[in-house]
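Engineer: Here are the chains, one letter per residue:
4 protein chains.
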Amino acid sequence: MNTENNLHIPDVQGSPDKRELPITRVGVRDIQLPIKFNDGRAVQHTVAMAEMTVHLPHDKKGTHMSRFIEILNEMAEFSLDNLGEIHSTMLSRLSAEEGTINLAFPYFLEKSAPVSGMKSVMNYEVRISSDGRADDYGVYAEITVPVTSLCPCSKEISEYGAHNQRSHIIISILYDRNNPITLAELAAIGENGGSCPIWATLKRPDEKFVTERAYENPKFVEDIVRDVAIALNADERISWYSVSSENFESIHNHSAYAIIECDKRL
Amino acid sequence: MNTENNLHIPDVQGSPDKRELPITRVGVRDIQLPIKFNDGRAVQHTVAMAEMTVHLPHDKKGTHMSRFIEILNEMAEFSLDNLGEIHSTMLSRLSAEEGTINLAFPYFLEKSAPVSGMKSVMNYEVRISSDGRADDYGVYAEITVPVTSLCPCSKEISEYGAHNQRSHIIISILYDRNNPITLAELAAIGENGGSCPIWATLKRPDEKFVTERAYENPKFVEDIVRDVAIALNADERISWYSVSSENFESIHNHSAYAIIECDKRL
Amino acid sequence: MNTENNLHIPDVQGSPDKRELPITRVGVRDIQLPIKFNDGRAVQHTVAMAEMTVHLPHDKKGTHMSRFIEILNEMAEFSLDNLGEIHSTMLSRLSAEEGTINLAFPYFLEKSAPVSGMKSVMNYEVRISSDGRADDYGVYAEITVPVTSLCPCSKEISEYGAHNQRSHIIISILYDRNNPITLAELAAIGENGGSCPIWATLKRPDEKFVTERAYENPKFVEDIVRDVAIALNADERISWYSVSSENFESIHNHSAYAIIECDKRL
Amino acid sequence: MNTENNLHIPDVQGSPDKRELPITRVGVRDIQLPIKFNDGRAVQHTVAMAEMTVHLPHDKKGTHMSRFIEILNEMAEFSLDNLGEIHSTMLSRLSAEEGTINLAFPYFLEKSAPVSGMKSVMNYEVRISSDGRADDYGVYAEITVPVTSLCPCSKEISEYGAHNQRSHIIISILYDRNNPITLAELAAIGENGGSCPIWATLKRPDEKFVTERAYENPKFVEDIVRDVAIALNADERISWYSVSSENFESIHNHSAYAIIECDKRL
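Note that the protein sequences, when read in sequence, are chains G, E, U and F. Under our numbering, think of the first position of the first sequence as 156, with each following residue one higher. Under our numbering, think of the first position of the second sequence as 156, with each following residue one higher. Under our numbering, think of the first position of the third sequence as 156, with each following residue one higher. Under our numbering, think of the first position of the fourth sequence as 156, with each following residue one higher.
Next up, chain G with everything else stripped away, as it sits in the complex (with noise of 0.2 Å):
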């Protein structure tokens, strides 16, 4: 399903359409492309999925797909502060009136662990994506932070131990280029959401203060997503965000599951 400007060959996707109906959005997906990303502190080499679609008026047949991996293959690097940028280009390359971007892609850190300051690199899934008008566009961030979860019923219950798993606590947020937030500032949040954060690589002592600190700091699934909550809405660069956790019981052969979503500006 090509679709640019050829000479003698008939462009089928640009002829009218009569059955009177818009397209709420239409464009590709799946597309697999490794991408330079700057955090805002340094760029990083990731690989990212990226889907771009944008709204179709009623009277034209299609969109010109091809149009939109050339936007992805021009681009040097990505950001969330260039999201925009981006999403204006594919609007008027695309001569639409709104349209939707997202890219998700492993997100690396590296860590020191708590104890012997050994440094390893940890991975997040993020997700950043554009969606609305030219003249009146979000750009949100989106982060999984994997985090130890210590059951406080087991604890309070039982004479010794408590069973406890790994979570993952995902963050939403909408981003303010003026007022920026950077994704290891959400990753801290979300680290201090659960019961423990959890690192690539752990010495012995590391392990010890990992299993202590995981058992003096139980969470149930609704204490993790209201502490990130309270430390989201504290945070006044955020006007909007949702946090989830799921928590992948070791007791059960099922996930708990919570979600807040909050948008100040209500």
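What you were told as hints is all true, and nothing was included just to trick you.
The list treats identical chains as one, so a pair stands whether inside a single copy or across any two.
With a cut-off of at most 27 Å between alpha-carbon atoms, the simulated BS3-like pairs for lysine-lysine come out as follows:
{"#": "1", "residue 1": "Lys-215", "residue 2": "Lys-419"}
{"#": "2", "residue 1": "Lys-173", "residue 2": "Lys-215"}
{"#": "3", "residue 1": "Lys-216", "residue 2": "Lys-173"}
{"#": "4", "residue 1": "Lys-191", "residue 2": "Lys-266"}
{"#": "5", "residue 1": "Lys-216", "residue 2": "Lys-419"}
{"#": "6", "residue 1": "Lys-419", "residue 2": "Lys-173"}
{"#": "7", "residue 1": "Lys-274", "residue 2": "Lys-191"}
Simulated from the structure, these hints should not be mistaken for lab results.
Model the placement of chains E, U and F on the given structure of chain G, informed by the hints.
Structural biologist: Using the frame of chain G, we list chains E, U and F on its own:
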């Protein structure tokens, strides 16, 4: 994170909370269970993934996770018609003002091949859900309909042949129990929207038929969602819908995608 | 790619091939179908993903794809005991010397909680398969058993608590129809191999039990596979097995993994 | 489950084991990390999922998990040529007789469209692995090549058109460092094996070309694996290979699948 009342063991979840933060939704997900699903014409056995969540007021520390699973286990069968009752039961048992239920499962329909009439079973992904308050909730049905799509541009510009591929048409509707539509009807609407339906088994005269039918009926991803939208617009039983199509392009390594959302009540 | 004989329509697959290259296996995969599975004690309804393939001699151009699906559709029920007959039917209908069948499906067992005795349904991923020639084939059973694992190092070095997590123990065996073992027995062997079994629902006295039981019974991933191997070694019905465990570490974002493979016939 | 030596903290993993059971493989999996991959012509940045495991003798209680990750973090770049050295390092540091490394990552090649010459980037899934003893191990390369396949039967029996679809050709080879083959060469062999290669972006003259090329070059799944096998047989640098193709049938909801495995050393 179990939660029922038991003598002499403290009820940690039942204790008060002072953070002044209600939780939008809290509950369980990834509950896999065998179910009987009544589609209005017959009952079929299948396997569902369930998610059940409720709103939690600011002054309650936690919800009672095991009650969700007890509700699921009590159900003799599930249907679009009884999901509202399950929803009410959930809100009542969890003492919650509002909540959400999601059940996703493979759904099967016997189809006859277009020429030979040979019968075979076609599989569809279905999701039924409920969302809202006890006195104001909606029930939703969603079905993923696999079809063949054949590119009009490719047909037009080529001496012979045309690229085609598997596409997934996803139709979601607000279900009206007093004016019901069946999953089989939604599947048929989706299958009429592609270039040609697909079947689990075809004899050679059937394969000739579907090949020629798709070639005679080329559709862009935009055409697919528009043609399905026309059918959904014409159906007075449907007050809200969305229809998307993802074409797993045979000439690219990515997908073309389009979606139309429509609320007739506005 | 349908393939049955039909008058006046050429049988392309049936034509000879001159490339002198036999094909190790050819057939169909990702066939989703509802099945009845007989586990030797009762019949349960579930949904399977099937793959069926056969060897193709060097002088045949193609196999007859639709015959695989016809065989599946003819089966009233599936079991470890009748998989060999299905295998023979497949080889006979496809005129093939050897082949492979794979059926993967969720399998359910009712379990009683350890203290309260409350009953709930536990889900396991099961795969049954056959491989080989008509006169020399094997039938295999595989079950994924989720358990809790608790780290002995973390317990030993910490003042209190110990990190624990969900683990997946996968047991595969060569099934002997004349000396049968049930999936429920394999599930029990797996559940005895972790630090503690898991249940779909637990009352608070049960949660106390499983927390303390896991703390009293710490196991590295190495201990899990060794302890399961000891049980499988002691069972004379099993002549070949493999057992792996993947621990979804609660203090890391990656897994610990171990596997023991053993052929007692060597 | 961390494991390095630290004063005054017991080394549980290092203690002896009396169960008399060696462990076939034990280690870590699902380690996500950014890597530089040298494909013999240039270095590209990508993101890998790593698994590293070693054999554990019967008398050792556990392995030292964090050492695996330290080895990964020390690597400046990865290649088919240096994987053997990483393998040796792993066996030495873990005091192991044999082991396995698996690195899976998206790999990118710039391709020129067949008529317009427009350049775009194509993504492939690649897996490089090593397995064996310090003095007797193999290095393997695997690449998944997406192509278009067009059904010969459908073309033959239909008045016009022919069903086609995306297919995944997976080529695995034993890599010989002294007689190297590149991933780009393997990708080209795969792309020649389908009915037509695919590209990330095509102009309309390119789309005309690929549509007609596929129609002129129909292939069953059996033809694809045979034609790739002929190319791999003719290449003296390859002593062992397997080639499979999965065709995501556009007229069915399942796949056609074929595989040829060949050990030229036998």
